[in-house]
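Colleague: So the protein sequences, as listed, match chains A and B.
Per this note's numbering, residue 1 is the first one in the first sequence, and the count goes up by one each step.
Per this note's numbering, residue 104 is the first one in the second sequence, and the count goes up by one each step.
Don't take each hint at face value.
[Unchecked claim] Sample of chain A residues with no beta-carbon within 12 Å of chain B, all distances over it, derived:
hint: 1; residue: 5
hint: 2; residue: 21
hint: 3; residue: 22
hint: 4; residue: 37
hint: 5; residue: 38
hint: 6; residue: 45
hint: 7; residue: 50
hint: 8; residue: 51
hint: 9; residue: 69
hint: 10; residue: 79
hint: 11; residue: 86
[Unchecked claim] Cut-off 35 Å, straight-line C-alpha distance, at most; resulting in silico cross-link-like pairs (DSBU-like, lysine-lysine):
hint: 12; chain 1: B; residue 1: 345; chain 2: A; residue 2: 44
hint: 13; chain 1: B; residue 1: 345; chain 2: B; residue 2: 302
hint: 14; chain 1: B; residue 1: 227; chain 2: A; residue 2: 55
hint: 15; chain 1: A; residue 1: 69; chain 2: B; residue 2: 429
hint: 16; chain 1: A; residue 1: 98; chain 2: B; residue 2: 429
hint: 17; chain 1: B; residue 1: 175; chain 2: B; residue 2: 495
hint: 18; chain 1: A; residue 1: 89; chain 2: B; residue 2: 166
hint: 19; chain 1: A; residue 1: 69; chain 2: B; residue 2: 302
hint: 20; chain 1: B; residue 1: 482; chain 2: B; residue 2: 246
hint: 21; chain 1: B; residue 1: 335; chain 2: A; residue 2: 98
hint: 22; chain 1: B; residue 1: 482; chain 2: B; residue 2: 175
hint: 23; chain 1: A; residue 1: 88; chain 2: B; residue 2: 495
hint: 24; chain 1: B; residue 1: 263; chain 2: B; residue 2: 188
hint: 25; chain 1: B; residue 1: 175; chain 2: A; residue 2: 69
hint: 26; chain 1: A; residue 1: 76; chain 2: A; residue 2: 58
hint: 27; chain 1: A; residue 1: 44; chain 2: A; residue 2: 88
hint: 28; chain 1: A; residue 1: 9; chain 2: A; residue 2: 76
hint: 29; chain 1: B; residue 1: 227; chain 2: A; residue 2: 69
hint: 30; chain 1: B; residue 1: 429; chain 2: B; residue 2: 166
hint: 31; chain 1: B; residue 1: 307; chain 2: A; residue 2: 69
hint: 32; chain 1: B; residue 1: 429; chain 2: A; residue 2: 55
hint: 33; chain 1: B; residue 1: 307; chain 2: B; residue 2: 166
hint: 34; chain 1: A; residue 1: 88; chain 2: B; residue 2: 429
Hints in this document: simulated from the structure, not taken from any laboratory.
Built from N, CA and C at the ideal position, the CB exists for glycine as well.
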Amino acid sequence: MAEKVYAGKAVSVTDDGYLTDPNQWTKEIAIEIAKEEGIELTDKHFAVIEFIREKTLKGEVLTIRTIGKSGMVDTKGFYELFPGAPLKKASRIAGIAKPSSCV
Amino acid sequence: MKKIVILGAGTGGTIMANELRKVLERDEWSITVVDKDPNHYYQPGFLFIPFGIYTKHDVVKPKASFIPAGVKFIINGIDRVEPDKNTVYLTNGQILEYDFLIVATGTHINPAETPGLLGREWRKSIFDFYTHEGAVALQNFLKTWEGGDMVINIAELPFKCPVAPLEFAFLADEFFVKKGIRDKVNIYYATPLSGAFTKPKSSKMLGELLQGKNIHIIPDFYLERVDDENKKIISYDGREVKFDLLTIIPVNMGADWVARSGMGDDMNYIATDKYTLRSEKWENVFVLGDASNIPTSKAGSVVHFASDVLFENLMAAIEGRPLIAKFDGHSNCYIETGFGKGSLIDFNYETEPLPGTYPLPGIGPFGLLKNTRINHYGKVMFRWIYWHLLLKGKELPLESQMTMAGKEL
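If we strip away everything but chain A, and leave its shape as in the complex, we get:
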């Protein structure tokens, strides 16, 4: 675990760079983390991030497929927004824990 400063605010992050406390998250922090991932956030990005935050904080476990079926964004679109590893990148930008398969 380490401290990191995003948008002038010190937050604690895991070794992989995920926020340890989702309540420390702000939109400004999201913009800076996204930059590290090489992503310029748009309204569409934010809509998806807010959706992921809301569901995850309610205790739901999301997968790329469930997000693709949610009507929020289709899977292809999700990959276009967060290229390569959409759920990992989106989770990191959303300030929630790294998605882990439970097997």
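Using the hints provided, position chain B relative to the given structure of chain A.
Modeller: Leaving out everything else, chain B in the frame of chain A:
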């Protein structure tokens, strides 16, 4: 007369029928089990069929032989459940009412979820080994295959028995070596995970084993579709992998009746309290094993350990006591690694697979996250234990709660 209905007569439903019939008075409680398939499959055995190690007789027996006397066994499809009315509707029009319902209808492959998978190459050069038919078709294919690119792909998470595709890769390597054509076969392992397995220590150990056998991992590969004309699998981020032989673990989903009943999530898994194993929505519905959404492996060992907890909590609910038994997510998997050796992992919700010894600390005989001959024999012996002891609810010398004793941090 009060009624318990058990949906599904696989590992979980069969164990529960046996356990409950032993303790519930026959003149007070009726127990009914429903399953659409008259055959009980020893699913861990499917893995060995493609390589000609097991035959049909090793893995298939009539379900009725494992259902105890005094339990009504109905072989029929389930149309739907109306949990607010405590009623099950079967596809033949029969109606079953219940005081308590146990759902144990598992998870199944759904190849139709992936475009192109059920096209012209299905069971010609594309196979699954999660069904008896798929495993046998693959066995026939392998008898005459002369080599090329073999791709093993996992289409979606979660899937049943998360170590099975790894074991398949290891056994395939051995099979081709013994056949003298290993130099003509390239083996690729395309997975949506970032490595061989999920958690760091086991992923490293298993990843090194793959590497040592010259099996190439293609990580973070999330399957979009199969191009059956050009024999390629294509990921959402546009990567393409060519195959001559594709062994796929198709998208896994819970039973269709769950969707028709509106009781599940997008993948037809039922929201279940991960400690009590009771449905989060209905107080008289319990969910055992793969049919639930609890965050642990979909595997027979989990079902077996969870059945102890479910039994305790169902008895508590029947007697109006609080549900105090807590499931810890315990899972225990033998992993065949080829050439007569095997590995073993033991873990739960909180603890990742760690090295050590099992079940006796410091003694074993089995080695956790080690590659040994005795582990392989553990797997071989387990089939006998499954058919003769486990399904009938007999005591095994294993604790259902995971223990840290014998594990190295």
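Colleague: Confirm or reject each hint.
Modeller: Here's how the hints hold up against the structure:
1. 5: holds, 27 Å
2. 21: Answer for residue 21 of chain A: holds, closest chain B Cβ roughly 20 Å.
3. 22: The assertion about residue 22 of chain A holds, with a minimum of 18 Å to chain B.
4. 37: Non-interface label stands for residue 37 of chain A: nearest chain B Cβ at 14 Å, farther than 12 Å.
5. 38: holds, 14 Å
6. 45: Residue 45 of chain A is indeed farther than 12 Å from all Cβ atoms of chain B, at 17 Å.
7. 50: Given that every Cβ of chain B is farther than 12 Å from that of residue 50 of chain A, nearest at about 19 Å, it holds.
8. 51: holds, 14 Å
9. 69: It is violated; residue 69 of chain A is separated from chain B by about 5 Å at its closest Cβ, not greater than 12 Å.
10. 79: violated, 5 Å
11. 86: violated, 8 Å
12. B/345 / A/44: Roughly 34 Å between the alpha carbons, so the hint for residue 345 of chain B and residue 44 of chain A holds.
13. B/345 / B/302: Measuring from Cα to Cα gives roughly 28 Å; hence the hint holds.
14. B/227 / A/55: violated, 41 Å
15. A/69 / B/429: holds, 33 Å
16. A/98 / B/429: Within the cut-off at roughly 26 Å; holds.
17. B/175 / B/495: holds, 16 Å
18. A/89 / B/166: Given that 35 Å is the threshold and the Cα spacing comes to 46 Å, the pair is violated.
19. A/69 / B/302: Answer holds: residue 69 of chain A to residue 302 of chain B is near 27 Å, not above 35 Å.
20. B/482 / B/246: holds, 25 Å
21. B/335 / A/98: Holds: residue 335 of chain B and residue 98 of chain A sit about 30 Å apart, inside 35 Å.
22. B/482 / B/175: holds, 33 Å
23. A/88 / B/495: violated, 43 Å
24. B/263 / B/188: Judged against 35 Å, a Cα distance of about 31 Å means the pair holds.
25. B/175 / A/69: violated, 39 Å
26. A/76 / A/58: holds, 25 Å
27. A/44 / A/88: holds, 17 Å
28. A/9 / A/76: holds, 34 Å
29. B/227 / A/69: Given pair residue 227 of chain B, residue 69 of chain A holds - Cα atoms ~30 Å apart, limit 35 Å.
30. B/429 / B/166: At roughly 29 Å apart (the allowed maximum being 35 Å), residue 166 of chain B and residue 429 of chain B satisfy the hint.
31. B/307 / A/69: Roughly 33 Å separates the two Cα atoms, so the pair holds.
32. B/429 / A/55: Distance ~25 Å between residue 429 of chain B and residue 55 of chain A Cα, so the pair holds.
33. B/307 / B/166: violated, 39 Å
34. A/88 / B/429: holds, 31 Å
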